[in-house]
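Let the sequences and hints guide you as you build the complete structure.
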Amino acid sequence: MNQQIHDIILAHAGLPAGVEITDETDLYRAGMKSFASVQLMLALEEAFDIEFPEEMLNRATFRSASAIERAVSQISSATLVA
Amino acid sequence: MDASVTLLDQLIAEGLLIRTGVEGLYGRSGVFEDVIVRFEALVSRVGGADGAEVIRFPPAMTRRQLETSGYMKSFPQLAGTVHSFCGGDHDHMDLLATLDEGGDWTQKQEATDIALTPAACYPLYPMVAAQGPLPPGGRLFDVQSYCFRHEPSADPARMQLFRMREYVRAGTAEEVQAFRQRWIERAEEMIASLDLPYEVVPANDPFFGRAGRMMKVNQREQGLKLEMVIPVANAQPTACLSFNYHQDHFAHTWGVRLADGGPAHTSCVGFGLERIALALFRHHGLDPAAWPDNVRRVLWG
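Chains as they are written, first to last, in the numbering used here: chain P, 21 to 102; chain Z, 4 to 304.
If you're looking for bench data, these hints aren't it; they were derived computationally from the structure. Here the structure is a predicted model, which is why all the values come from computation and not from measurement. Errors might be hidden in some of the hints.
[What the hints assert, rightly or not] Chain P stretches covered by chain Z per the calculated footprint, using a threshold of three residues with CB under 8 Å from any CB of chain Z:
1) 57-66
2) 77-84
[Said to hold, decoys possible] Chain Z side only, calculated, beta carbon under 7 Å to chain P, not exhaustive:
3) Arg216
4) Met217
5) Met218
6) Asn221
7) Glu224
8) Gly226
We treat Cβ as the ideally placed atom computed from N, Cα and C, and that holds for glycine.
Pasting the structure below:
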């Protein structure tokens, strides 16, 4: 999942060309704009067939690759339990 | 007062607003307009010494500009575009026949190059960008326009066509944030001098849909929009002024640049002129001649 998240970030976060990111890179500081974060959110939902609940639609959820991975795992496991 | 008689009913009965048959589209009387004129004069007295460049656009911008602005990403539900009949004689006959039958004659219309202005400062940013990099110290503008937002409502404070006066600052992050803070303080003094109850609160724009929910949260978390709310016609107070910090959004959208070529930041203070007039009528009565002396002095001198 980690590599897939990195690929989605590169494709949708609108980061300046040449920016390299690690799991912990703050994507907002790296140049992700508000609307790009929305595009990223929609792309993640499509790729992992999930829907972010309203309480997760904030900046913290999408701040870094590791934050995104935690959020996606949380939603996926909640879906499995349900 | 009978609670079932709304503020809108009273304004209509008094002749201050004139119904058209469409919610949110009203005529205004001379008395109503005089309040707007006097309030705008007050705004100019408070802000005039700053030396803003006065720019006026008609209540329209190019459709291309609306597209580039990203408005359709965020507020597709509010946008208005101007359509006109662009056909020939045959199409004209069809149009008249459709009208006769009570059908939808607007099907024969096509989008023109003109869109209605959604906020007074929208046509300003492409103009500023086209004029080249900002001088050191940035620029300051005074704009005013009728604005259109498609949101029919029985609330007289939610008109579809209304006027917005704005001061717009373009410069460095520090310059435009200092501008915004100064205007919050000035606005508090100004509205207090009109004996209106107010509160300045964090706010967000009405971004569309699920993606919009995230935009709203982002905007609030970053403190980018503050509103001055005043009770008008609802239990919830109405936003009558707003203080917006766009960060470098318009630098990326339009290419507004600092003297050194870096991205410019922008900020604006907006006065909802009809809403402020309505707040005055709501709190001081429907006859401005009978408003408290101190309020009259501020507005009419």
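Tested hints:
Beta-carbon proximity to chain Z at under 8 Å applies to 4 residues in the stretch 57-66 of chain P; the threshold of 3 is reached and the given coverage holds. Only residues whose beta carbon comes within less than 8 Å of a beta carbon in chain Z count, and the stretch 77-84 of chain P has 3; three or more means the coverage holds. For Z/Arg216, the interface hint holds, since its Cβ comes within 7 Å of a Cβ in chain P; the closest pair sits about 5 Å apart. Taking 7 Å as the C-beta contact cut-off toward chain P, the hint placing Z/Met217 at the interface holds, the least distance being around 4 Å.
Hint status for Z/Met218: holds, given a least beta-carbon distance of 6 Å to chain P, under 7 Å. The interface hint given for Z/Asn221 is met, as the beta carbon of that residue sits about 5 Å from the closest beta carbon of chain P, less than 7 Å. The criterion of a C-beta within 7 Å of any C-beta in chain P is met by Z/Glu224, whose closest approach is roughly 5 Å, and the hint holds. Because the smallest distance between the Cβ of Z/Gly226 and any Cβ of chain P comes to about 12 Å, over 7 Å, the interface hint for this residue is violated.
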